[in-house]
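Asker: Residues per chain, in single letters:
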Amino acid sequence: MKVANRKCIRRLSMKSMKATGTRNLIAIFAIALTTLLFTSLFTIALSINDAIQQANFRQAGGWSHGGFKYLTQQQFDEIKTDPLIKQYGLRRFVGRPEGPPFLKSHVEIGYSDVNQAHWMYCDPVEGHLPVEGTNEAATDTQVLELLGVEPILGSEFTLTFDVDGTEVTEAFILSGWWEYDKAIVANHVLLPHSRAQAIYHKVGIGDSIGNDGITGSWNMDVMLGSSLNIEGDLGRILTNHGYQGEGRSAGNNYISVGINWGYSGAQITDSLDAATVIAIVGLLLIITLTGYLIIYNVFQISVSNDIRFYGLLKTIGTTGRQLHRIILQQALLLSLIGIPLGLLMGYGVGVKLTPVITSLLNGVVQETVSASPLIFIGSGFFALVTVMISCHRPGRMAAKVSPLEAVRYTEGESNKKMIRKVQSGASLSKMAWANLGRNRGKTIITVSSLSLAVLLFNMTVTFTNGFDMDKYLARNVASDFIVADAGHFQTGVFWDSHRALPEDVISSLKSQPGIAAGGRVYGKSSPVEEFVTEEYYRTKNGRWNDEETLDHAVNFMEKNQQGLLADRVQLYGMEPYVLDKLTMLQGDLSKLSDSGGRYVAAVYSDDDYGNPQMDSHWARLGSTVTLRYITAYEYYDPNTGEILNPSHIPDDRPYRYRAKTYQDIDYEVVALIIVPYSLSYRYYGADEFVMNHQTFLQDSDTSNVIYYACDVRDEKTADMEAFLSDLTNHRMPQLDYESKATYAAEFDAFRNMFLMLGGVLSFIVGLVGILNFLNAILTSILTRRRELAMLQSIGMTGRQLKGMLIWEGLYYALGALTVSAALSIVAGSLLSNVLASVFWFFTYRFTLLPLLLVAPIFTLLGIGVPLSVYHVVSKRSIVERLREAE
Amino acid sequence: MTILQTHDLKKIYGTGENTVNALAGVNLEVKQGEFVAIVGTSGSGKSTLLHMLGGLDRPTSGRVTVDGKDIFSLKDEALTIFRRRKIGFVFQNYNLVPVLSVYQNIVLPIQLDGNMPDANYVESIIETLGLQSKLQSLPNNLSGGQQQRVAIARALSAKPAIILADEPTGNLDSRTSQDVLGLLKVTSRKFVQTIVMITHNEEIAQLADRIVRIEDGLIVDR
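For the protein sequence lines, the chains are A and B, in the order given. Number 660 in this note's numbering belongs to position 660 of the first sequence; there are no gaps in the numbering. Going from the second sequence to this note's numbering is simple: count from 1 and add 886.
To be clear, the hints were calculated from the coordinates, so they are not data collected in a lab. All C-beta atoms, glycine included, are put in the ideal place defined by N, C-alpha and C. Check each hint, because a few of them may be wrong.
Listed next, with one range per pair, are the computed distances between beta-carbon atoms [stated by the list, open to error]:
1. A:E880 <-> B:I1097: 22 to 32 Å
2. B:M1002 <-> A:E880: 26 to 36 Å
3. A:R876 <-> B:T905: 17 to 27 Å
4. B:T905 <-> A:K400: 40 to 50 Å
5. A:C8 <-> B:S928: 30 to 40 Å
6. B:L1104 <-> A:S868: 36 to 46 Å
7. B:E1013 <-> A:L25: 46 to 56 Å
8. B:L1104 <-> A:E880: 23 to 33 Å
9. A:R876 <-> B:L1104: 25 to 35 Å
10. B:I1097 <-> A:C8: 47 to 57 Å
11. B:E1013 <-> A:K400: 34 to 44 Å
12. B:T905 <-> A:E880: 17 to 27 Å
13. A:L25 <-> B:A1005: 43 to 53 Å
14. B:K896 <-> A:E880: 13 to 23 Å
Bound conformation, chain B alone (with noise of 0.2 Å):
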């Protein structure tokens, strides 16, 4: 089943002279419970297609439909509430809450939408990530493996249809590196999560089921 598909996206910033064209028409399709990995170097337009991906940022033109659902014939308001319920987020650097404790910050995208998590399976994920004597403790106390396993567990915890992975080691040595991404693999497999992650890293992507690589704003291969 295809959870994510873009058709024919396209981004230009500027204008005139200045034309860049960050994505020159991309089209991706994505199946439940795969881990996709996209690989480009910088400046190919993997970080826009993420956004896009992710509904941070509107394309010039194109489509981007998660789970069924054009995503921008949201409006911005629909568009956020569609995106903490369809969509979780890993950043390159964390991005967690710094006055939140690492359970509240797990829970934060629960709570935002109004609801109650479901304590079995916050709990399950707590454990699966090896946070459970951290909950407590808030996250500039923890190193930056421990930290990034908060913010995958963030990302799980309001069971989106899919995870977006914006350079997921980026700040991390490469053993906590191969920790972590074991982790989002061992994750993405457990619960059945569909994954996409932008690297720059080939061996990284290498965990991946599929490798996508871009350049100049296009998917090459395949």
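Looking at chain A on its own, in the form it has when it is part of the complex (with noise of 0.2 Å):
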């Protein structure tokens, strides 16, 4: 049977709810702070998230979904029109200046229209893009810089450059400009079309594609609809218009597509780790139980309350369901006011918070906030169930009641025959624990949620306190300073020729007062391979790599006549301060120190707790290690043995390479030992080799410095620390510089981002449990009037009175308390070995300080909240007190 009493149900959920002020108030509240948190966890998370992607984007080179490489005008205007291509973008290269200054940068010239000038972030934050027809052109502030131009709109500059394999000089006129970004690997010049193909039918390749296969052609960039399935969706596109994207070999209707990796490379499931997923579902489980602990309990209280109402409502016919749902129209129409004032002050704290988090990653992932709709919706969709849940029981409750008990009901009344067996008379202190056992679900909830607060408070400080700078330091600072080229610092950059370090630096170095020790580390720019067996080269890459790849990897690779492949290596050669400084495993680096000597140490990984990894080498003590120093590599076709052109090997040829000109020298291996971090390279993948730097030099024929490692007496190191500094940021910003007390700034930074993460979030869970606190008292001792004002009137005085409140409100605090250290030494032992096992340098140190910090705050709020909420209840007189609700 269906009645339109919807109406009156939410009329009646109205009118009980403005009954209810301070229950509103207090629910609202929660309801807010709930939010709050997910919010700010969410803010946190994607501004994250966002910030690696924009990162990667700038790396990759542009934020485009990806594109079609080499296309002719036909092609390209043929494809432009698919409807899966949202917008599209076109680029025509024109040529690379080589020469001086742009020996060490990687700039190109050429045509973008002005979405793919947007997309590549060639967005001038002065003047325009170049007009079409006019000899304009824009570029960033490091080409000027190189160029000795003033970022000044007008200005006229002149480039040399190469377009497929004609020099050419133009002049051109700045029409606007941006910052270089170093994160980004290549520089534009960007050009008129009118002028990029000018220049085409200067060096004439006209309308057609040079011979590089590059120059003049058509590229274009696309945004498809999503970035789901960005390979899949540029194949499509290429189907639908009979090319395909497979390779060469498979047809003459090729074209090369590109994916931009940076999407690919920052989803959230890729980027995050076991570890980072558990941490979130964690972070959410924590924040839903501390939200549905308050808000259980507000509601909870509300409907033991007024239970007698929800009889009354029941005898005169209201079911059970109409019951619930008035509970939950209540909680809705709170959480309507509570969900977007938490949303707003949660977003708040989330953009204040992030930067102290991204600061910490890497270098190159600039501060972004998300603003993304996802958030809200995110945070407002979790409070909402949070509060669904929290209703669920208190809802139960109501529609369960049954009319003729809930006019007998008071609070703690159970149907089981309770048997006190205390002989002895009522203290005021029994009397008070007696109380909180009247509503023991709601006592459990208020000092559950309390302790919460309390419990992360000191997982917090248990966490960062456990983190052990020493075990840190020890592990990545092996000199007081290393001096570098700054990209030997940077992750995913590999070290050649061009980031040597220029002996009159080191000379430099020397001279400065106070160093103790020092020594150089020489690097191998050019090849250098040893020999391998196939199964060590599988087992090894196999870790990376599937077995296609180690297949085709295998087949590529040079054989010797033994059957053995020729594999890289990376050398070291090491002054004897650097040599001291390596671990050692196996045998003795005396042998090494041999000048001009055949030795060399083979180089063990170790995990980060410093245990050996003794299958990361094949060579052992006493092996000997035949390395072979290549000077040129020549190509061939493996099936007719032709030498071939390596500048114009055509694409449907197969190719292999070979030594040409090389010198084999054998050594042996005289100690095993492990490089630590900051002295290493810094990058993995090949075998690696260390030799005196004598043997290096003479053997190597090359001398490129790739780094400068020095200890300064202690006296001195603010000063070194200021020389360097001065050194890499003004007069040679190439360089970059390490120290211990970098490091240990890093570590701090690191630990102080979890502590005040962890602080925050305590101080709002605390809140809540403060909260909830209020909550329980007020409500107990409204509830109470009449009781009180009963034991009064038999001759309880106001002390002794206000004396059992405050014994109830420190047996919650006492609660608090206890519960929660029993909580965190079980905790924190369990927690413990995750931790250390996650965190290397993580040693777990057993603390119970915060409680005691949090200890006087807690007695207080015993003391305080009864003694003020009771402070407004006895305004009224006992008489009148003992005739309400009758």
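Bring the two chains, given one by one in their own frames, into a single complex with the hints.
Answerer: Dropping the structure here:
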């Protein structure tokens, strides 16, 4: 039977809501706080994800989804109409200046339309993109600086560059410029299309494509409907027009496609490891639990207070379901106010906290704060779910109320025959204890929510306290100072001769006062190979590559007569100072120090905890290793044996390469060692050997220094720091340095981030707990107004009454402290193992200090809250209170 | 010996046109050991009178003397202490403390005073009221009549000068009412207790030694 009673129910729920002002306020506040927690969590998480994605795009050079390369104009016009393409941009490459002053930079000259320029971060901060038909050009501040041109619109500059093998010199007028971004690999000089075409004609390419297959071609970057399946979508577009992207060998209708790896590299699922996922899920659970604890408590208390009212409603014919709905409606209405409030506040908190975290991520990550609607939808949703879960039981309680019992109901009544085996009388503290027992659920929840905050706080402190600076420094810092090319300290940058540390820098370092000891480490910048078994090669690389890739690689590699594979090695030539810093596993280094001796140490890896991995190298003590120093390679066709010209290998022709001119030298392995990370190349993937610097210089015939490391006497450390800071920031910005102090600061920042995040979380959870406590005390005093008056009427003085209420408050505080202490001890010992395995520099140190800090606060609350609530209540006379609610 | 005396007791609620003369000058005298019933219709002022007698509410003017002491000369805190030593209350709705056992409820006023209960005396009250088997129960597990008997025991336990009973049988059926009143009267005799009871029920009032009628805030008849 369906009756139109919704309106009536709604009216009832509105009316009964109006009668509970305090509860509504507390509930709204609770909902807002819960939402705040969710929102700030989502804001931080998404902001970091955005930041990582942005960094990926900048490294990838742009943020278009992908593109089609080396098209003809006709192909371009054909494909651009495809409905799968939401937006497209045109890029035509003209040339690259390679001579001075661009020796160290990758500068591209070409035409990009508005879309494409925007996607490549070429947005002029001043001026505009070059106008068609003029000799304007736009570029970034670094190109201008290298050219020695001030970034002033209208400045003239000339560039000499290579266009498909022909050198041209052109003059331009600066129409716009943008800031140089060191994370973006290529610098661009953008020309108008008319100018690009003029240059093509000048060098004889005309409207066709140059010999290199690139110059003069039409390249299309596209934005698709979504980034979920870029590869598939690009393939479908090609198929739609009768092309394929498989390969030249699959037919002449091949078009090369490019996929922006920034998208796949930045998917949340890819970039997050298990630990992060667990952390986020854990946080979500804690927040839900916190929210549940208070919202549930607020409604539970309010329902039990109004139980007579619900009983009455039931007596006159309201069904259980309708009562349930009344509760739910009230909760939803309160959410309507609480959730938006929480979203706003939470976003504010998130925005404030995000920079703290991103500042610790890789240096190329810019501060981005996400304002994705996902944050608000997600947080709102989670908050609402929490509210619904929280109201479920109170709703059921109201629904199940029996009309007769409800009228008789007093808090704490149970159907069980309760017997008190206390022969002694009642003291204030015992009465207070008994009062807490009336509504065990309420007491437990209040105590738990208070405990949760303390537990979180204690865990945060234990966690950050456990970060062991000594462990961290011992592993990371082998020398007081390390100076090298800036790229050496960045991940993803491979060292080569361009990054060699100039000798004059080293001598100026050596002349600094206070240098106690120091040494160079030379690196091999031309190819060196060793010969390894295929099995070893496959085992070593199998960790990172699948079977297919390995097959391909093995097939491609040069083999010697014994069938061993020629594999790349990384060589170190170390001066004695650095040799002394190596970790010895087996053998001894004394032979290595013989100048000119043909001895090497094989470099093994270790894990973060310093345990050597004995399968990380093939060489054993006494092994002989033959190193092949290669000065030239040659390319050949494996089928015909024909030698090929490496700069003109046709796409459809299979080729291999092999060493053409080289020198083989045998060495004896005299030691197995570990190179501390900070003294290494800082990237892996090839077997490594260490020799002394004389042997290295003599055999490799190169003398490029990777870095110079030194120790400085304590009193001069600050001077050295200042000297290096000035050197690397002003005089030679291409250099960078690391010092003990940098590491210590990095470590502190890392620790402080956790302390701050944990602190904020604990604070908010604590606020929720206190709110819960306030609510529990408030309602317990309000509902007992008459009982308290009665106690006074039979002779309990105000002092005694207050004493009893304070006891109740103190029991809550004491309970919360006891429970959190117990939980902290348990959780601490459980978590310490997990944490020690996640953070290698973690040492568990038990502490209950936070608890001691919180204890006085709780004690004050335990005394203050009941007193102030009672103060309000006691304003009315005993007689008034005795009469009420009868 | 006069144990309770009021002198021109007045209580005026509200101001101006809304003024209500709840008590318009009551003079009442109760002797030790007397069982007095104060009868009146609702709104007659009988409850107000009882609250004044018990020191729960302060009069607009006039005096109340209990055991020779002008109770309203005392400050609130002192008045409360005086009340728990000299006055026992029995309420219509029992007003027991739900978290305390029957025994704890009974001895509560003594303990609030920081004293040890007089075991023999308390035992004899419990016996008289027939509560021996219920001492460890919680009030909510008892019937109305049993709860009221606990309330009477509690009122007696501190050996007060007077017991004030406010419609003690108002929530009970007539049979239980008879039992409770009987017990009230028996204890009054046995422990030489002065009892002042208010009721609107003439029949119940008949059990008292003396009936005082109150109408519009004034004592009528005598």
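Asker: Taking the CB of A:E880 and the CB of B:I1097, does the distance hold inside 22 to 32 Å?
Answerer: holds, 29 Å
Asker: Using the C-beta atoms of B:T905 and A:E880, is the stated range 17 to 27 Å upheld?
Answerer: Hint holds: Cβ distance 18 Å, inside 17 to 27 Å.
Asker: In this structure, is the beta-carbon distance linking B:E1013 and A:K400 contained in 34 to 44 Å?
Answerer: holds, 42 Å
Asker: In this structure, is the beta-carbon distance linking B:I1097 and A:C8 contained in 47 to 57 Å?
Answerer: holds, 51 Å
Asker: For the range 17 to 27 Å, tell me whether the beta carbons of A:R876 and B:T905 fit it or not.
Answerer: Hint holds: Cβ distance 21 Å, inside 17 to 27 Å.
Asker: Kindly confirm whether 26 to 36 Å is satisfied by the beta carbon distance between B:M1002 and A:E880.
Answerer: About 34 Å separates the Cβ atoms of B:M1002 and A:E880, which means 26 to 36 Å holds.
Asker: Do A:C8 and B:S928 keep their Cβ atoms within the hinted range of 30 to 40 Å?
Answerer: holds, 34 Å
Asker: Honestly, do B:T905 and A:K400 meet the 40 to 50 Å range at C-beta?
Answerer: With Cβ atoms ~49 Å apart, the hint holds.
Asker: Tell me if the beta carbons of A:R876 and B:L1104 are separated by a distance inside 25 to 35 Å.
Answerer: holds, 28 Å
Asker: Falls inside 36 to 46 Å, the C-beta gap from B:L1104 to A:S868?
Answerer: holds, 43 Å
Asker: Does the hinted range 43 to 53 Å hold for A:L25 and B:A1005 at CB?
Answerer: For B:A1005 against A:L25, whose Cβ atoms are near 50 Å apart, the range 43 to 53 Å holds.
Asker: With 13 to 23 Å as the target window, see if B:K896 and A:E880 comply at their CB atoms.
Answerer: holds, 19 Å
Consistency with the previously given hints is maintained throughout, with no hint failing.
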